[in-house]
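Given these sequences and hints, build the entire structure.
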Amino acid sequence: MNATTAADAKTPSPMVISEDGNDVVILMRVNGKRLTFNRSASDTMDQVLRRMQLSVEKAYGIGDKRKGKKRKGPPPADEQEQQHGNKVRIQWSDGNGNELASTDSSVNMSTLAELSRSTKAITVNEHVYSVFLNPPLVTSVALKYFVFAEYPILPLVECSNTTPEELVYEYRTNESDDLVHSGRVFTPADDLVGKKLRVTAYHRDCRSLPQAESDLSRPVRPSPSKGTFRDRRLPKPLAATAANRIRVASFNVLAQRYVRTPLATKVMYRNVKACREVLEWEYRCPLLMRELMDVKADIFAFQEAEPRFVETVREVMPEYTVRFVEKNGNKGEGCAIAFNHDRFEMLDETVLDLASDGVKSQLTSEQVSELQRKWGDVDMFSDVFDNLGTAGQVLVLRDRQATDKVFVVGNTHLFFHRNATHVRLLQAHLLAMAVKHELDRFQGANVFICGDFNSF
Numbered sequence: 001m002n003a004t005t006a007a008d009a010k011t012p013s014p015m016v017i018s019e020d021g022n023d024v025v026i027l028m029r030v031n032g033k034r035l036t037f038n039r040s041a042s043d044t045m046d047q048v049l050r051r052m053q054l055s056v057e058k059a060y061g062i063g064d065k066r067k068g069k070k071r072k073g074p075p076p077a078d079e080q081e082q083q084h085g086n087k088v089r090i091q092w093s094d095g096n097g098n099e100l101a102s103t104d105s106s107v108n109m110s111t112l113a114e115l116s117r118s119t120k121a122i123t124v125n126e127h128v129y130s131v132f133l134n135p136p137l138v139t140s141v142a143l144k145y146f147v148f149a150e151y152p153i154l155p156l157v158e159c160s161n162t163t164p165e166e167l168v169y170e171y172r173t174n175e176s177d178d179l180v181h182s183g184r185v186f187t188p189a190d191d192l193v194g195k196k197l198r199v200t201a202y203h204r205d206c207r208s209l210p211q212a213e214s215d216l217s218r219p220v221r222p223s224p225s226k227g228t229f230r231d232r233r234l235p236k237p238l239a240a241t242a243a244n245r246i247r248v249a250s251f252n253v254l255a256q257r258y259v260r261t262p263l264a265t266k267v268m269y270r271n272v273k274a275c276r277e278v279l280e281w282e283y284r285c286p287l288l289m290r291e292l293m294d295v296k297a298d299i300f301a302f303q304e305a306e307p308r309f310v311e312t313v314r315e316v317m318p319e320y321t322v323r324f325v326e327k328n329g330n331k332g333e334g335c336a337i338a339f340n341h342d343r344f345e346m347l348d349e350t351v352l353d354l355a356s357d358g359v360k361s362q363l364t365s366e367q368v369s370e371l372q373r374k375w376g377d378v379d380m381f382s383d384v385f386d387n388l389g390t391a392g393q394v395l396v397l398r399d400r401q402a403t404d405k406v407f408v409v410g411n412t413h414l415f416f417h418r419n420a421t422h423v424r425l426l427q428a429h430l431l432a433m434a435v436k437h438e439l440d441r442f443q444g445a446n447v448f449i450c451g452d453f454n455s456f
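Each step along the sequence shown adds one to the number in full-length UniProt numbering, with nothing skipped, and position 319 is 319.
None of these hints come from the bench; they were simulated from the model. Among the hints, a few may not be true.
[To be verified] Derived pair list, reagent style DSSO-like, types lysine-lysine, alpha-carbon separation capped at 27 Å:
| hint | residue 1 | residue 2 |
| --- | --- | --- |
| 1 | K327 | K236 |
| 2 | K144 | K226 |
| 3 | K296 | K236 |
| 4 | K273 | K144 |
All values derive from a computational prediction rather than experimental measurement.
Structure representation (structure tokens):
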């Protein structure tokens, strides 16, 4: 029995070796299967070849366990010979065809790091794979989010020696190899409801290299907003604003860390116990992205923005510059302002600490003493502000269409507690001080103060 199949009759696709520090990734396609080997540069070639041999044999179905009872003792001699004949032979060669390492060699103690750069071809049985070292490479692509008709989806991509923006994306369904969309962001139509999607990604200059393909997505669901308040409020996407108008929108996008707190589960979201998935990031992300794309604000302000939310906005809406400030204290979320950089240029940016450091740096010692006197027995720092991570930001933007128009945009998320009005008042004062500082510098500027002020 030969270890190759008819699928190998054509010239095999090239093989990729990609280095990243001490990590080395080897990619190849065998018998229609993409094989990925994640190795250490310090691995010996004996280790690398054995791992490759086992994976290639598995791709060909060699060495499958027989059904039934296990035989006691060694197999008959003729079967041993047959099994030996099925073994895949692998050889690494230099540019002149000289052997560098092989499964036929008794010892291969050279390391992967020593041979990766000198290897120009890898032979698997009689098939020779040309080797590409460190090309633009997609190591993985995935469709992890829920998929809804009329809502954008975005694949999660890992790549090296390139960026996600430089890649080609091709979407197909589980029912056909016909292309249904080309491009990174895809908004499925109603006719795809019930079908599953998969996406292939590759660099535009390296189509012949092994391509990354996602697993199938969840089935496409009908649009969740049809007939709801959302579509009655915003039945169709808003048009872009005219040159003499500006649209500003502010959203608290709900950080996932707050979804399962006692307050959230018992009070705020107690009515979604039967459909908890609607609170998951994978469910909410496409809904949030469509909302932002439909609103088309010139300036967005976000609160409870997590790094992954910020990165998704940057990827889905590349026409926006996003400035993000994370809360102190490992909160994992913060505030962000996104502005359309085709319309605005940023003149200045101020990041605000609205906790202890901010209070101490912005107020005089006399002011702090007076505040502490009014707070009585409560130490305003050790009892309150030392425990806060509140942040804020102020951007100064100039309108590219009317250069005499300057806008000062503030954004924050004030401390939440029903008995903390005095804390919010002081935090708002610090934000107002920062805004006034910019107004003193940019006379005649317009002001937008955005945020979640927890004022109710």
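Results of checking the hints against the structure:
Proposed proximity of K327 and K236 is contradicted: the alpha carbons are some 35 Å apart, above 27 Å. Taking the CA atoms of K144 and K226, the gap is near 23 Å; set against the 27 Å cutoff, the hint holds. Annotation: proposed proximity of K296 to K236 holds, straight-line Cα distance about 11 Å (limit 27 Å). For a cut-off of 27 Å, the pair hint linking K273 to K144 stands: about 22 Å separates their Cα positions.
In this structure, only the earlier hint numbered 1 is contradicted, and the remaining ones agree with it.
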